[in-house]
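Whenever a hint applies, use it, and build me the whole structure from the sequences.
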Amino acid sequence: MRVSPWSTPVLVVAAVLITFAITAGPIIVAGANPIEAYGAFVVVPLTSQFTLLEILVTATPILLTGAAVAIAFRAGYWNIGAEGQLLLGAVMAAGIGPLVGGLPPILALPIMIAGGALGGAAWALVPALLRVRFGIDEVVTTLLLNPVALLLVNGLLHGPWRDPVTGFPESPRIAVSAEFPSLIDRSRLHLGFLLALVVIGVAWYVLSRTPAGLRLRAAGLSPHGARFAGIDVSRTLLGAALVSGAIAGIAGVSEVAGIQNRLTGGLSPGHGYTGIVVATLGTLSMPGVAMAAIFLGDLTVGASSAARSLGIPSQLGAVVQGVLLLTTIALLAVRRHRYRRPGAGDAGSVTGDVAAEGQRG
Amino acid sequence: MNFLVDLLAATLRNATPLVYGTVGETYAERSGVLNLGIEGTMYVGAFAGFATAFATGSPLLGLLAAVVVGIGAGTVMALMTVTFGANQHVSGIGLTIGLIGLSEFANRLIFAGGELQRIEPMPIVNPFRGVGEIGSIFDQYALTWVAFLLVVPAAWWVLQRSSFGLEIRAVGENPEAADAAGVNVARTRYVALMIGGALMALGGAFITLALLGSFTLDIIAGRGWVCVALVIFGRWRIGRGVIGALLFSLVFSLQFRLRILPGFGELPFELLLALPYLVVIGALALSGRNVAYPGAYLKPYRRG
Numbered sequence: 001m002r003v004s005p006w007s008t009p010v011l012v013v014a015a016v017l018i019t020f021a022i023t024a025g026p027i028i029v030a031g032a033n034p035i036e037a038y039g040a041f042v043v044v045p046l047t048s049q050f051t052l053l054e055i056l057v058t059a060t061p062i063l064l065t066g067a068a069v070a071i072a073f074r075a076g077y078w079n080i081g082a083e084g085q086l087l088l089g090a091v092m093a094a095g096i097g098p099l100v101g102g103l104p105p106i107l108a109l110p111i112m113i114a115g116g117a118l119g120g121a122a123w124a125l126v127p128a129l130l131r132v133r134f135g136i137d138e139v140v141t142t143l144l145l146n147p148v149a150l151l152l153v154n155g156l157l158h159g160p161w162r163d164p165v166t167g168f169p170e171s172p173r174i175a176v177s178a179e180f181p182s183l184i185d186r187s188r189l190h191l192g193f194l195l196a197l198v199v200i201g202v203a204w205y206v207l208s209r210t211p212a213g214l215r216l217r218a219a220g221l222s223p224h225g226a227r228f229a230g231i232d233v234s235r236t237l238l239g240a241a242l243v244s245g246a247i248a249g250i251a252g253v254s255e256v257a258g259i260q261n262r263l264t265g266g267l268s269p270g271h272g273y274t275g276i277v278v279a280t281l282g283t284l285s286m287p288g289v290a291m292a293a294i295f296l297g298d299l300t301v302g303a304s305s306a307a308r309s310l311g312i313p314s315q316l317g318a319v320v321q322g323v324l325l326l327t328t329i330a331l332l333a334v335r336r337h338r339y340r341r342p343g344a345g346d347a348g349s350v351t352g353d354v355a356a357e358g359q360r361g
Numbered sequence: 362m363n364f365l366v367d368l369l370a371a372t373l374r375n376a377t378p379l380v381y382g383t384v385g386e387t388y389a390e391r392s393g394v395l396n397l398g399i400e401g402t403m404y405v406g407a408f409a410g411f412a413t414a415f416a417t418g419s420p421l422l423g424l425l426a427a428v429v430v431g432i433g434a435g436t437v438m439a440l441m442t443v444t445f446g447a448n449q450h451v452s453g454i455g456l457t458i459g460l461i462g463l464s465e466f467a468n469r470l471i472f473a474g475g476e477l478q479r480i481e482p483m484p485i486v487n488p489f490r491g492v493g494e495i496g497s498i499f500d501q502y503a504l505t506w507v508a509f510l511l512v513v514p515a516a517w518w519v520l521q522r523s524s525f526g527l528e529i530r531a532v533g534e535n536p537e538a539a540d541a542a543g544v545n546v547a548r549t550r551y552v553a554l555m556i557g558g559a560l561m562a563l564g565g566a567f568i569t570l571a572l573l574g575s576f577t578l579d580i581i582a583g584r585g586w587v588c589v590a591l592v593i594f595g596r597w598r599i600g601r602g603v604i605g606a607l608l609f610s611l612v613f614s615l616q617f618r619l620r621i622l623p624g625f626g627e628l629p630f631e632l633l634l635a636l637p638y639l640v641v642i643g644a645l646a647l648s649g650r651n652v653a654y655p656g657a658y659l660k661p662y663r664r665g
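Same order as they appear, the protein sequences are chains E and B.
According to the working numbering, the residues represented by the first sequence are 1 to 361, in order.
According to the working numbering, the residues represented by the second sequence are 362 to 665, in order.
Be aware that a few hints might be false.
Stated by the list, open to error - Covered by chain E, per the in silico footprint, the following chain B stretches (three or more residues, Cβ under 8 angstroms):
#1 421–432
#2 441–447
#3 588–598
#4 634–645
As the list claims (entries may be wrong) - Heads up, incomplete: computed chain E residues facing chain B, CB under 10 angstroms, no partners named:
#5 R133
#6 L143
#7 L144
#8 L145
#9 Y273
What the hints assert, rightly or not - The following label-pair restraints were derived from C-beta to C-beta distances:
#10 B:D579 / E:S208: 37 to 43 angstroms
#11 E:S208 / B:R522: 53 to 59 angstroms
#12 E:D163 / B:G418: 15 to 21 angstroms
#13 E:D163 / B:T577: 23 to 29 angstroms
#14 E:T47 / B:F525: 42 to 48 angstroms
#15 E:I35 / B:L425: 34 to 40 angstroms
#16 B:R522 / E:I35: 51 to 57 angstroms
#17 B:T577 / E:N33: 30 to 36 angstroms
#18 E:F168 / B:P488: 45 to 51 angstroms
#19 E:L214 / B:T444: 17 to 23 angstroms
#20 E:I35 / B:F472: 24 to 30 angstroms
#21 B:A582 / E:S7: 39 to 45 angstroms
Think of the hints as simulated: they come from the structure by calculation, not from any bench.
Cβ coordinates follow ideal geometry from the N, Cα and C atoms, glycine included.
Pasting the structure below:
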């Protein structure tokens with residue numbers, strides 16, 4: 001079987017290779033050998049049990065935000081607000097966590113997870129309503145709610161939740177029964193990873209095997225066509241936006257209950273934005289999201305160990321993420337222009353770019 | 362009285378980076394490109410300006426470096442959205458992630474995470490010195506004077522009165538018609554994004570070269586997103602955007618001063634700081650379908 005040079009897997013691998021070629025520049029400036037550096041980023045973390053588990057720990061929040069972003073993007077809803085929705089989930093977890101000490105984990109955990117999902121969905125609600133009721137572009141409204149969520153977190157941490165004894169801006173510790181148990185003894189890998197896999201599995205099933213998933217994909221590919229086929233596009237978008245927000249909220253719960261056991265100012269170093277990288281690199285499919293999140297987890301763990309062994313600042317990880325996002329969408333867009341007639345379809349959307357594969361010829 | 366003078370002076374000072382950023386973003390959006398790379402462009406401008414001024418001892422060379430990296434960032438954004446026709450908001454987020462990463466990478470490499478390095482902040486210029494107490498409202502950095510007296514009027518004149526500004530507005534409003542009229546759509550968007558990038562980076566450099574005299578992590582702290590909000594608040598008009606920047610800066614400077622007064626420390630000032638975002642979202646909701654987005658907003662242009 002001949003593999004087209006423009007098929008999705010080839011294109012994603014090409015994006016990774018082009019990214020590595022571009023980021024070789026900063027590595028050389030840092031005085032390291034790029035080949036050796038990429039070995040340290042990608043291969044070295046795979047060689048010990050400790051770093052393998054760290055990859056999964058690092059991948060956990062971005063599996064969830066990646067799935068959240070991918071679901072919204074598939075519906076043609078541009079949720080740039082996963083970061084804020086994650087923070088709201090974390091706020092809910094930090095608020096509920098200390099109160100459920102009297103309950104067994106079998107009750108405490110679902111209550112907290114549901115609370116976080118509700119918080120994330122609530123944060124996604126206003127932009128979604130503005131979009132479906134008034135046609136107001138959601139890019140800016142979802143984006144602008146991210147700094148508002150951060151201000152809310154800071155307000156809580158410097159106000160009512162400030163530690164009364166030490167004065168540290170940290171919320172009270174959550175109850176022991178609300179902590180996510182670790183999956184493997186003496187490791188940091190926690191229930192959140194399992195939760196993320198379940199979310200990805202369910203999302204994959206719903207998207208590819210159910211009428212609701214079909215409606216969602218149809219709305220994303222062609223809102224007019226979907227409307228013509230009798231699909232309530234507004235309701236579909238609203239549903240996708242709320243589910244997306246809820247999943248991002250669960251990512252926040254997972255970071256609070258699995259890692260920090262309380263809310264702190266440094267809870268998310270931009271997991272919501274990384275979710276956009278994960279979703280795009282995974283070309284908005286759930287298996288793709290899973291692979292992309294683990295790949296980025298691998299890179300992140302590798303970047304922090306390479307900082308020690310090779311003297312390359314670990315911030316290179318962020319550079320790679322940014323360049324990777326740009327090269328992936330550039331290649332997807334170029335493919336669309338090769339295979340589609342100008343002006344056809346929803347030009348400029350990642351959904352359209354990913355779908356362009358099925359329409360060539 | 363003293364409090365008021367101090368407050369107004371701080372308002373002008375803190376508004377300066379927002380003015381550069383808002384004018385820059387207005388140029389990008391009026392040409393039809395939402396540039397969410399603004400947060401990263403301001404960041405890299407702040408870092409490149411500081412690092413250059415630190416290395417050469419010349420703040421002017423620092424400003425020049427900021428302009429150069431700003432034009433570079435605008436060019437990458439143009440390459441993505443104009444040449445490749447890629448999705449605008451995802452391109453912008455990618456640019457921001459990459460540029461913040463690159464700045465922090467270079468910061469780590471050059472300054473090795475050692476103690477905070479400082480430069481002499483740029484001088485304060487005040488032609489009204491000696492006009493009594495009120496005159497000290499105008500104790501401002503040269504870049505603030507340049508922003509309000511030079512950049513804003515010039516940017517307004519170019520956009521609204523010059524033929525080049527007409528071309529920017531035309532390719533942002535209706536690229537097909539502009540193309541038919543002989544305007545080079547791609548080149549116009551490239552230039553608009555480059556001008557915008559240079560202004561954004563200058564706004565970032567103002568923070569390191571004048572306001573602080575040093576570079577710290579998270580130095581932009583969402584000011585780029587504030588500018589995105591201000592452009593919409595100003596309905597894509599430069600004058601109204603600048604008024605928005607002054608209002609935001611007034612609220613910001615006020616809460617900063619109230620915070621240290623006895624009895625005010627416990628108020629939820631974060632709510633005040635969230636106001637500009639909430640006001641913009643509220644304004645969008647109220648104006649409903651009547652928001653006058655540039656016609657070609659978010660749409661790449663291809664010749665049919």
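Violations among the numbered hints, reported as their numbers in ascending order:
1, 12, 14, 19
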